[in-house]
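Enquirer: Starting from the given sequences, assemble the full structure and let the hints guide the process.
Sequence lines, in order, name chains A and B.
So for the first sequence, the numbering used here puts the first residue at 472; every next one is plus one.
So for the second sequence, the numbering used here puts the first residue at -11; every next one is plus one.
By construction, these hints were calculated from the structure, which means they are not laboratory data.
Warning: the hint list may mix true and false statements.
[To be verified] Taking beta-carbon pairs under 8 Å as the criterion, some of the chain B residues facing chain A (in silico):
(1) Ser(-8)
(2) Asp31
(3) Arg33
(4) Gly58
(5) Leu77
(6) Ala78
(7) Val134
(8) Asp212
(9) Asn260
(10) Ile262
[What the hints assert, rightly or not] Listed below are the simulated DMTMM-like cross-link pairs for lysine to aspartate or glutamate, each with C-alpha atoms no more than 20 Å apart in a straight line:
(11) B/Lys125 to A/Glu538
(12) B/Lys184 to B/Glu256
(13) B/Lys184 to B/Glu118
(14) B/Lys125 to A/Glu522
(15) B/Lys265 to B/Glu115
(16) B/Lys184 to B/Asp135
All of these numbers come straight from a predicted model, not from anything done at the bench.
C-beta: ideal position from N, C-alpha, C; glycine also.
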Amino acid sequence: MDDRRLEILIGNLLRAGVMLAAAVVLAGGILYLAQQHGQPVSYHVFHPGGEDTRTLSGVIHSAMHLESVGLIQLGLLLLIATPIARVAFAIVGFALERDRLYAIVSTIVLVILIYSLLHAT
Amino acid sequence: MTASAFTLILFAVSALAGFLGALTGLGGGVVVVPALTLLLGVDIRYAIGASLVSVIATSSGAAAAYVREGFSNIRIGMLLEIATTLGALAGAFLAVHITTHAIAIIFGLVLLQAAYQSFKSEHGAHETVESDTLSRKLRLGSTYPVDGEMQSYGVRNVPAGFSLMFGAGALSGLLGIGSGAVKVIAMDRAMRIPFKVSTTTSNFMIGVTAAASAGVYLSRGYVDPRVAMPVMLGVLGGALLGARILSRARASTLRMVFGLVVLALAIEMIANGILGKV
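Expert: Structure follows, in structure tokens:
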């Protein structure tokens, strides 16, 4: 497979990933509004939410119980995963082309991304 | 305000920001944050968290279209992403340690730059250059389509571009924006890469850069699902619509109007930051 066809394939996969993420966020959003549409809300003062919105395990746990907030966060995590998948695909692409230099460059970027996710959450 | 009214207003504002951001080429994030904080009184930390995830959505969503046009250079993008992701991490850590007033003021300065950008006339293409020694070693030069024919181009000043990219990443991590403008300056001006290649490669890099600070934002509670949901869906929808219209309309008048709005937001953002209201 040549360079450009691989790129277009990856581009299409990314767009599918974004659409899937958006669909999950939308589902969570509809559920949220169905349950809490009349509740008064204010975001004037910042207070970080609970585990269910801030950690990987908390989000997955909340989404498994079909809680609206957990579903939205799960969709956003899927979204954050799309550029990371993009870099992972690039490593494979460069390896197939036997381009060692750029396989290594892409791996460095992937390591930074994974470090930031794991270190933070 | 009730949850449904708040969600609806957020969605509408974000869709408009995404639409105008795509039409003018300035990106949606740069207006979403001031719109949320100044118009709707949302804490700036929720606003930059929601903006950051929207930036990832528009960057990844548009990737397929850009690749098809054959302009973006993956090698340049990947190499410079080492700098932008490290910068983004630094920016995100900085964001949780400085005051929101300071963030508002820095944001205002970035808005001023964006306003200046939109008043300036369309960018004239510079001559393509020969690669210097380092760029040749890194095999950064490539070809891109000009009037249906493939033309080759070279790359220069990788260290300067790399440093600027670290700055672009830091701004992105600090403010939750794509900072595409700084990325384009780094590639187009410093590295002498053709403008079209610079803008499309920048778009490819924006999502990866934003993903580097997303983890920090999420764990600090900046990404509130009730705020991020309508913002992300709105910006994405607006940007997709804007990109569709873009190919038909040349939007120079719109850029002027948009520039004025951004200028007003910049002044208000800086004033609010200084007065301690944001």
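Enquirer: All hints, please: hold or fail.
Expert: Cross-check of the supplied hints:
1. Ser(-8): 4 Å, holds
2. Asp31: 4 Å, holds
3. Arg33: 5 Å, holds
4. Gly58: This interface hint holds because 7 Å falls under the 8 Å limit.
5. Leu77: Result: holds, 5 Å to nearest chain A Cβ.
6. Ala78: Not OK, violated: alanine 78 of chain B not within 8 Å of chain A, min 11 Å.
7. Val134: Where the cut-off is 8 Å and the nearest Cβ of chain A is about 17 Å from valine 134 of chain B, the hint is violated.
8. Asp212: 6 Å, holds
9. Asn260: 13 Å, violated
10. Ile262: At about 20 Å, which exceeds the 8 Å cut-off, the nearest Cβ of chain A leaves the hint on isoleucine 262 of chain B violated.
11. B/Lys125 to A/Glu538: 53 Å, violated
12. B/Lys184 to B/Glu256: 33 Å, violated
13. B/Lys184 to B/Glu118: This hinted pair holds, its Cα atoms lying about 17 Å apart.
14. B/Lys125 to A/Glu522: Roughly 48 Å separates the two Cα atoms, so the pair is violated.
15. B/Lys265 to B/Glu115: 47 Å, violated
16. B/Lys184 to B/Asp135: At roughly 13 Å apart (the allowed maximum being 20 Å), aspartate 135 of chain B and lysine 184 of chain B satisfy the hint.
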